[in-house]
Structures are given as C-alpha cells and as structure tokens.
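**Q** Based on the sequences and whatever the hints tell you, model everything.
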Amino acid sequence: MLRLENLSFSVHNNGESKLIISDINLEFKRGKLYGITGPNGGGKTTLAKVIMGILPHSSGHIYLDDKDISLTNITERANLGLAYAFQHPPRFKGLTIEDLVKIAQPKLSNLSVRKKMRDVGLCPEDYLERDMGSALSGGEMKRIEILQVLARNAKLAIFDEPEAGVDLWTIQRLVDIIVSKYHNNPEAAAVLITHNRNILPMCDEILVIEEGRIKHQGQRDLVWPLIRDDIICQVQDTCGGEEII
Amino acid sequence: MKLEELDQNLLHTVSDFKDIPTGAVNIRKDGKPIYRHSSPNIEIKTGEGGGLVVEIKPGTKNETVHAPVILTQTGIDDKVFNQFIVGENADVTIIAGCGIHNDSHGRSSHEGLHEIIVKEGARLKYVEKHYGEGGGTGEKVLYPTTRIEVMKNAVVEIETVQIEGVDDTVRVTEAHIHEKGSLKVMERLMTSGRQNAVSDIKIFIEGQGGSGQILSRSVGKDNSTQVFKAALVGRNECQGHVECDSIIMGQAVIKAVPELIAEDSEAVLTHEAAIGKIAGEQLIKLMSLGLTEEQAIDTILEGFLK
Chain A
1 MLRLENLSFS VHNNGESKLI ISDINLEFKR GKLYGITGPN GGGKTTLAKV IMGILPHSSG
61 HIYLDDKDIS LTNITERANL GLAYAFQHPP RFKGLTIEDL VKIAQPKLSN LSVRKKMRDV
121 GLCPEDYLER DMGSALSGGE MKRIEILQVL ARNAKLAIFD EPEAGVDLWT IQRLVDIIVS
181 KYHNNPEAAA VLITHNRNIL PMCDEILVIE EGRIKHQGQR DLVWPLIRDD IICQVQDTCG
241 GEEII
Chain B
1 MKLEELDQNL LHTVSDFKDI PTGAVNIRKD GKPIYRHSSP NIEIKTGEGG GLVVEIKPGT
61 KNETVHAPVI LTQTGIDDKV FNQFIVGENA DVTIIAGCGI HNDSHGRSSH EGLHEIIVKE
121 GARLKYVEKH YGEGGGTGEK VLYPTTRIEV MKNAVVEIET VQIEGVDDTV RVTEAHIHEK
181 GSLKVMERLM TSGRQNAVSD IKIFIEGQGG SGQILSRSVG KDNSTQVFKA ALVGRNECQG
241 HVECDSIIMG QAVIKAVPEL IAEDSEAVLT HEAAIGKIAG EQLIKLMSLG LTEEQAIDTI
301 LEGFLK
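The listed protein sequences derive, respectively, from chains A and B. Note that the first sequence ends on residue 245 in my numbering; no numbers are left out. Note that the second sequence ends on residue 306 in my numbering; no numbers are left out.
In case anyone wonders, no lab produced these hints; they're calculated from the structure. Note that the structure is predicted; figures quoted are calculated from it, not measured. Be careful, since some hints might not be right.
In silico DSS-like pairs for lysine-lysine, Cα to Cα no more than 30 Å straight-line [stated by the list, open to error]:
{"no.": "1", "chain 1": "A", "residue 1": "93", "chain 2": "B", "residue 2": "229"}
{"no.": "2", "chain 1": "A", "residue 1": "29", "chain 2": "A", "residue 2": "67"}
{"no.": "3", "chain 1": "A", "residue 1": "102", "chain 2": "B", "residue 2": "221"}
{"no.": "4", "chain 1": "B", "residue 1": "306", "chain 2": "A", "residue 2": "102"}
{"no.": "5", "chain 1": "B", "residue 1": "306", "chain 2": "A", "residue 2": "115"}
{"no.": "6", "chain 1": "B", "residue 1": "184", "chain 2": "A", "residue 2": "93"}
{"no.": "7", "chain 1": "B", "residue 1": "125", "chain 2": "A", "residue 2": "93"}
{"no.": "8", "chain 1": "B", "residue 1": "202", "chain 2": "B", "residue 2": "129"}
Each pair of labels, with its calculated beta carbon distance range [to be verified]:
{"no.": "9", "chain 1": "A", "residue 1": "115", "chain 2": "B", "residue 2": "36", "range": "48 to 54 Å"}
{"no.": "10", "chain 1": "A", "residue 1": "17", "chain 2": "B", "residue 2": "270", "range": "46 to 52 Å"}
{"no.": "11", "chain 1": "B", "residue 1": "198", "chain 2": "A", "residue 2": "40", "range": "48 to 54 Å"}
{"no.": "12", "chain 1": "B", "residue 1": "251", "chain 2": "A", "residue 2": "17", "range": "32 to 38 Å"}
{"no.": "13", "chain 1": "B", "residue 1": "79", "chain 2": "A", "residue 2": "115", "range": "54 to 60 Å"}
Heads up, the beta-carbon is just placed ideally off N, CA and C, and yes, glycines get one too.
**A** Given below as structure tokens:
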C-alpha cells in the first residue's frame, strides 16, 4: 500500500548537510499493525512527518497504491488516505472537541461522534463542547488526537507515541481500539511509534530505527526477542532500576 | 411595517432578525426612528435630543430589547444618546448594534452614547454588533460610547462584536461596579485593509466584593491597526482580570495596553496579554485533517473569534 523507496531527509545548517533519515526502503501493507521503535533522536517522528508531507523529503520516493505521491502536500496526502496523530498535538482557542472531530470526519453523525468519544474514554456530556484551548490536560489532548485520526478512516494511520501522557488504564483501551480497527483490516494499516514494551508485542511487524536508518525490520516474533532486553534496560535506566508496566 | 431588503440584511447581521420581532423594539434608520414598540414590562420613549429612554420594570424576566441602528444613506452623521434602566431583580437581554451600508464616496458615521443603569439584583446581557458594507470608497465610521453602572448584586455581561466592514471605530466603555456587582466585558474584533479600531475600556470596581473581567479577542489583517486599552481600577476588596489575545497577520499593527490600578490592599487584579501570528503547528494539524491552508486559516480565525 504505502511504499518508501530510498527515502532520505536532511537538514542544512551553516552550509553543512546532515542526514536525519537515510535511504529508507520499506512497505506498509493493509491489515497489518506496524510498531516503530528505537532510541530518542533516531528519526522515528521525522520519518512519520516526511511520510505525511509535513517535512519535505530530500531524495527518494513515496508511493501510495503504486502512485508516486512524493510531491504532494499535507492536505493532498490527508485526502489520499494518510493520517498522523501528533506526538504533541496543538491547542486551539475557540474550537471545541466536536468541531475538530467533525473537521476530521465531516460525515460523522452526532451519535457517531459521541460513540467514538466514549471509545477513547471521553464522556461526551463533559467533553463535546470543551474548548481545545488550555484547559485540557496532556492526556486528554492525546485521547482527542487519537480520536480524530481514528475518525478519519485513513488507509494508513500513524500514531506517534500514543501512550505519552495517557494514564495506564486508558493506554490499554486505546491500543485495543487501534489493534481491533487495523489488525486484519483489508482496507487499512496502522503504524505505532512507541517505546512501550506492552504495545510493541501487539504489532504484526516491528521496525527499529536508529541514527536515521532501519536497524531491524521484520515479523514481531523475529524482531521482538532481539530488542526486548534493550527496551527493558532503557526503561529501567530511565526509571532508576524500578520495574514498571 | 414592511422592511426593505437592504434594511433586513443589515438588521439580520447586527440584530439577528429580518422581520420585526415581538416585544420591545426600536429601529433607528438614517438618523430617525422608523419603528417603536413597547412591551407591558419594557417602555421605550423618546429622551433628550431624540434618543431613547428604555425603562425595564423591576422583576421583568427573560425579555429582550432590540434597539438597532442602520445607516443606508451616505453623508449621514448620526448622533444619539440612549438610556437604558434595568429595574431591580430583572433578568433581560438588550441587543443593540449598528449596520452601515455605504455605496458612495461620502462618509457615513454613527456616534452613539449609551448609558446603562443596572439596578440592585438585576441581570443583564448586552450585545452590540457593528458591521459595515457597500462598494463605495466612502468611510464607514462608528464611535460608540457605553457608560454603565452595575449596582449592588447586579450581574452584567457585555458582548461587543465587530467582524468586518467598519473603516474607523473608537469604542469607549466605562463601568462602575458597586457592592458584590459583577461585570464581564467580552470583545471580538477583526480588522482588515486599512481599517483602524480603538477600544478603550475602563472598569472601576467601587464596591466590596465586586468583580470585573475584560476578555478581548482580536484579529488584525492586511494594513489595519488596532489599539486595545483596558484599565481595571480596584477601589475596594474586589477581583478583576484582563485578558487580551490577538492574532496578527500581514502588515497589521496591534497595540495592547492592559492597566491595573489597585487603590485598596484587598484588591486582586490580574492580566494576560498575547499577540502573535497563527501557530504553524495549528495550520499543519488542520491540513493533516484534509483542510487546505486557506481553509485552515479561516477555521482558526473563526474559532478564535467565536
């Protein structure tokens, strides 16, 4: 479905060029859930933004259903069926949650909006008309962000650290929704950028991106054993050796 | 009475009605009253200089006064003094506003002085919309002044809106809030082209337990200029807050001057002011939901001024 061919992205600073994404080749296929992980600064979010057209690729090609979409802009890619749930979604003064969900999917009925809100753990009575300004917590913003991308019914939906800022109970609920919507879906696929050791084993395929390159790529059962210990070590280092979920 | 289509459109924009509503109504067109109707609880009569005196009986509930002004002829320099008296424990809405249609090269202007007294325990929502239209080069000018007394335990909300078409406006608002009275002023403004807008709000919180709040949202486009002055004066144990938030676009110039003056050690006054362009991440977010850049800008501005 979505194929990346020799895709690179570089930044220019003081006359010097630095590769952030280097020569990526991969394909996302319908019905599968992909987990992308790797160290901070490795290029995961950059890759997602290049796919979505938010950052311009430096070289290579992006094909969606064999059509070269490399030169299309964000709006065109969104309307072709790509969606991206931001790691840090922006706030909007004066726009309500209902406004944003209806922008994401104008065809949704009021009843469907309410149902989808409940799915991500937001009570419509409390949240439907809430302003997307500063009064929402980071976790609430994240749930609303995921809700919008789910509502898009995209061919390829990318969720950038869906677990960040979300409470433990809700993470599992959100991941279950994503898995049930995209796993074996003949129309669509999803990509989860995550460091969460509970989410990665739920993906069909796992990619590890490090220093802008794919370090490991393949079926979950092959890749997860290679990286499991590294991820747990990283988590324990970060948390001072304490075991966390 | 049948209104002409032009009148209907102006009235619809500034007062949300096309056909004359029931209840207390006064429509002023081109410097003269063209329709007036009082209700059993709200009397509208002519005051000094041809303006209005609107008296709302104590205890009147859930009634609305419509008092719009429209200008359809060029060269008119309309000046009027209106007085609104809201009786004790009443709960009413006043919808004023001014719409100007000017297709010519001459200037049309409206200068309105509104004096509002909200008596003890009453609640008032006062809405004033300004709008200008027409293909001529003649200026559409508005100089509204509102003076308001918020008496003991009264609660007042003022909403002013000027979204398009007015070339030059200077809006002056002065309020005095008495014991446990409450006033919230919400202003929404958008200027474009070479339009100029000044808003000068002063709220004096005189009484113990009084509260005053000024919230302003504005968008300045093209080569327009805006000046927003908001002063809160706390003269007793009271609370006050000023918040002005502006989006600046093109070559516009926006000046925000919040001012807090505490004349009592128990006064708690705060302010926030921000001017900035539309955040790039907001545009990108909406474009990632399928909107074009232009649609994303319109959506952000519409929400911001909503």
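**Q** Hint by hint, note whether the structure agrees.
**A** Status of each hint after checking the structure:
1. With a C-alpha separation of about 22 Å, the suggested pairing of residue 93 (chain A) with residue 229 (chain B) holds against the 30 Å cut-off.
2. This hinted pair checks out: residue 29 (chain A) and residue 67 (chain A) have alpha carbons roughly 15 Å apart, not beyond 30 Å.
3. At roughly 27 Å between alpha-carbon atoms, residue 102 (chain A) and residue 221 (chain B) fall within 30 Å of each other, so this suggested pair holds.
4. A distance of roughly 17 Å separates the Cα atoms of residue 306 (chain B) and residue 102 (chain A); the hinted pair therefore holds under the 30 Å criterion.
5. Taking the CA atoms of residue 306 (chain B) and residue 115 (chain A), the gap is near 26 Å; set against the 30 Å cutoff, the hint holds.
6. At roughly 19 Å between alpha-carbon atoms, residue 184 (chain B) and residue 93 (chain A) fall within 30 Å of each other, so this suggested pair holds.
7. A threshold of 30 Å between alpha carbons decides the hint, and for residue 125 (chain B) with residue 93 (chain A) the separation of about 23 Å falls inside it, so the pair holds.
8. With a CA separation close to 20 Å, the supplied pair residue 202 (chain B) and residue 129 (chain B) stays within the 30 Å bound.
9. A hinted range of 48 to 54 Å holds for the C-beta pair residue 115 (chain A) and residue 36 (chain B), which are about 51 Å apart.
10. The given range of 46 to 52 Å is respected by residue 17 (chain A) and residue 270 (chain B), whose C-beta atoms sit roughly 48 Å from each other.
11. Taken as a hint, the range 48 to 54 Å holds for the pair residue 198 (chain B) and residue 40 (chain A), whose Cβ atoms sit roughly 50 Å apart.
12. Between residue 251 (chain B) and residue 17 (chain A) the beta carbon distance is about 35 Å. The supplied range of 32 to 38 Å therefore holds.
13. Here the CB-CB span from residue 79 (chain B) to residue 115 (chain A) is close to 57 Å, well matched to the stated 54 to 60 Å.
When the structure is compared with the earlier hints, no violation turns up for any of them.
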